[in-house]
Amino acid sequence: MRILVFEQWHGGHYFNYLECLVPRLAQIADEVIVAITETAYRSPLFADQLGPLETLVNVRFDASVSLPRPAPPIVHRLTLGSHLIEAIRRHEPDHVFLPSADEQSLPLPLMLWKLAGRRVPVEGVFHYKSFVANGTALERVMSAAERTLLKTGAFTRVHFVNFLQYEEASRRGLNVVRFARVAGDPVPQLPVGCRRAARDAIGIDGGGRLLAMIGALDRRKAVLPTVEAFRAAPLAPQDRLLLAGKLDPAYLAAIERDHHDLVRAGRLIILNRFLSTSELRLCFAAADVNCSVYNDFYGLSSLMLKSLAANVPVIVGRAGWASAIVKRFEVGHCVSPSDTQAYAELLPRALDQSATYTRTSAVDRLMRFHSVENFVEGLLENFLRHTGSAPAHSVLDWQWVMEGVDPERRRLR
68 MRILVFEQWH
78 GGHYFNYLEC
88 LVPRLAQIAD
98 EVIVAITETA
108 YRSPLFADQL
118 GPLETLVNVR
128 FDASVSLPRP
138 APPIVHRLTL
148 GSHLIEAIRR
158 HEPDHVFLPS
168 ADEQSLPLPL
178 MLWKLAGRRV
188 PVEGVFHYKS
198 FVANGTALER
208 VMSAAERTLL
218 KTGAFTRVHF
228 VNFLQYEEAS
238 RRGLNVVRFA
248 RVAGDPVPQL
258 PVGCRRAARD
268 AIGIDGGGRL
278 LAMIGALDRR
288 KAVLPTVEAF
298 RAAPLAPQDR
308 LLLAGKLDPA
318 YLAAIERDHH
328 DLVRAGRLII
338 LNRFLSTSEL
348 RLCFAAADVN
358 CSVYNDFYGL
368 SSLMLKSLAA
378 NVPVIVGRAG
388 WASAIVKRFE
398 VGHCVSPSDT
408 QAYAELLPRA
418 LDQSATYTRT
428 SAVDRLMRFH
438 SVENFVEGLL
448 ENFLRHTGSA
458 PAHSVLDWQW
468 VMEGVDPERR
478 RLR
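In the working numbering, the protein residues as written are 68 to 480.
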């Protein structure tokens, strides 16, 4: 049994998924081929995170996937599809896993003819609005086309990372539901660290309460609205805000221009660098509240899940996956980042309430669903069933998670 894992992108959750999935595949397959780009293979992050996988005797990396060049959207997607078809033809696998399948929803079904009649089961993990988007006329047309192309049988299994996509497809009775499931995102379940020890480890004084924004602080994150709300909030002098992660240069310039006094006073702490896995864990352990607030992003946040795994409540925006998680599981607060006054008024209240925050049984279910083991066994469940192999353990599904939530909260968004 030869399995192909095809990943066009690198870093972040792309490498996280490979790190989780490939070792388990190596236990059940004769050969596992991981097709990535040379840029990904030569990156320092590959050596650090995925390099150990090369020691597995039946795992082989194919670094010949072409890096896509800038092109109009339809040409871009067709190019990505051709890269996948080329990898399938090159390796002739018995089964294919696409940890990032969003860009393949159109090109793969359209290019099946290039496989000359040799069909192979393909399972795709979808992160964004594939098959269910209906916000604009273009989205509705694209989603309808994607659903129509499902009739080609190009995908034998669809794994939705975002449960809202699956729920929307179910509500509308879409055909994709017949072979779809909620995959979630793999989150290591680690012992909760000591807050004071974590602060010492990252060089922060242990006193006072700490708000934090953690991870890549790019244009998607509401960094400046959070800093402005912190400035305006009625907080104690020893309460601080930590910005931990690589800051967008424009954000950094604005902070140096408008908020340097907070930095100088030690109330705004900036760790402007790429954070290692261990540093991320320390930053979450150090915080009282995690401000996981985005400007315009509605998908799953793996960093927010890591915050909940560390028993740190969150502040999020008012829409999308994060809002639904907060409302259903009562793990924090929602706010509009553009409303500085409301955001500022929320910060002290969120800090006060964090002192008594405890993980409920519903959150325990959420975290068990998102464990690395459950994520991997869920992706492999269909494959194992058809090959007659035994799963490592029973897979916990999204319905099981929702059964732990009060009925009146199960549809909140």
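Treat each hint with caution, since some may be false.
Said to hold, decoys possible - Here are the simulated SDA-like pairs of lysine to any residue, each with C-alpha atoms no more than 25 Å apart in a straight line: (1) Lys196 with Ala386; (2) Lys181 with Thr203; (3) Lys196 with Arg395; (4) Lys313 with Ile336; (5) Lys196 with Asp161; (6) Lys196 with Thr423; (7) Lys181 with Arg144.
Unchecked claim - Label pairs and their in silico Cβ distance ranges: (8) Asn125 with Arg186: 22 to 30 Å; (9) Ala386 with Phe341: 38 to 46 Å; (10) Pro139 with Arg263: 52 to 60 Å; (11) Ala130 with Asp267: 36 to 44 Å; (12) Asp267 with Ser428: 12 to 20 Å; (13) Glu121 with Gly79: 18 to 26 Å; (14) Pro474 with Asp97: 25 to 33 Å; (15) Leu123 with Thr425: 35 to 43 Å; (16) Phe246 with Arg136: 27 to 35 Å; (17) Asn339 with Ser428: 34 to 42 Å; (18) Phe246 with Ser461: 30 to 38 Å; (19) Leu123 with Asp328: 31 to 39 Å; (20) Ala317 with Arg245: 52 to 60 Å.
It is worth saying that the hints were derived from the structure and are not from the lab. Owing to the predicted nature of the structure, the values given are computational and were not obtained by experimental measurement. Idealized CB from N, CA, C, for every residue including glycine.
Cross-check of the supplied hints:
Only pairs whose Cα atoms come within 25 Å are accepted, and Lys196 paired with Ala386 is accepted, the gap being roughly 14 Å. As the CA atoms of Lys181 and Thr203 are separated by approximately 32 Å, the hinted pair breaks the 25 Å bound. Of the pairs offered as hints, the one joining Lys196 and Arg395 holds, with about 21 Å between alpha carbons and a cut-off of 25 Å not exceeded. Restraint check for Lys313 and Ile336: the C-alpha separation of about 13 Å stays at or below 25 Å, so the hint holds.
Note on Lys196 and Asp161: the hinted pairing is violated, with a Cα-Cα distance of about 28 Å set against a maximum of 25 Å. Pair hint Lys196 plus Thr423 does not hold up; C-alpha atoms about 36 Å apart against a cutoff of 25 Å. A threshold of 25 Å between alpha carbons decides the hint, and for Lys181 with Arg144 the separation of about 16 Å falls inside it, so the pair holds. Our hint of 22 to 30 Å for Asn125 and Arg186 holds, since their Cβ atoms are close to 24 Å apart.
Distance hint check: the CB atoms of Ala386 and Phe341 are about 28 Å apart, inconsistent with the given range 38 to 46 Å. About 54 Å separates the C-beta atoms of Pro139 and Arg263, a value consistent with the hinted range of 52 to 60 Å. Checked against the hint of 36 to 44 Å, the C-beta distance between Ala130 and Asp267 comes to roughly 41 Å, which is consistent with it. Asp267 and Ser428 have their C-beta atoms about 32 Å apart, which leaves the hinted 12 to 20 Å range violated.
Distance hint for Glu121 and Gly79: a CB-CB separation of about 20 Å, consistent with the stated range 18 to 26 Å. Distance hint check: the CB atoms of Pro474 and Asp97 are about 47 Å apart, inconsistent with the given range 25 to 33 Å. The hint said 35 to 43 Å for the Cβ distance between Leu123 and Thr425, and at roughly 40 Å that hint holds. For Phe246 paired with Arg136, a C-beta distance near 33 Å keeps the hint of 27 to 35 Å intact.
Between Asn339 and Ser428 the beta carbon distance is about 39 Å. The supplied range of 34 to 42 Å therefore holds. The supplied range of 30 to 38 Å is broken by Phe246 and Ser461, whose beta-carbon atoms lie about 20 Å from each other. For the pair Leu123 and Asp328, the supplied restraint of 31 to 39 Å is violated, since their beta-carbon distance comes to about 53 Å. Remark: the range hint 52 to 60 Å for Ala317 to Arg245 is contradicted by a beta-carbon distance near 46 Å.
In terms of the numbered hints stated before, the structure departs from hints 2, 5, 6, 9, 12, 14, 18, 19, 20, listed from lowest to highest.
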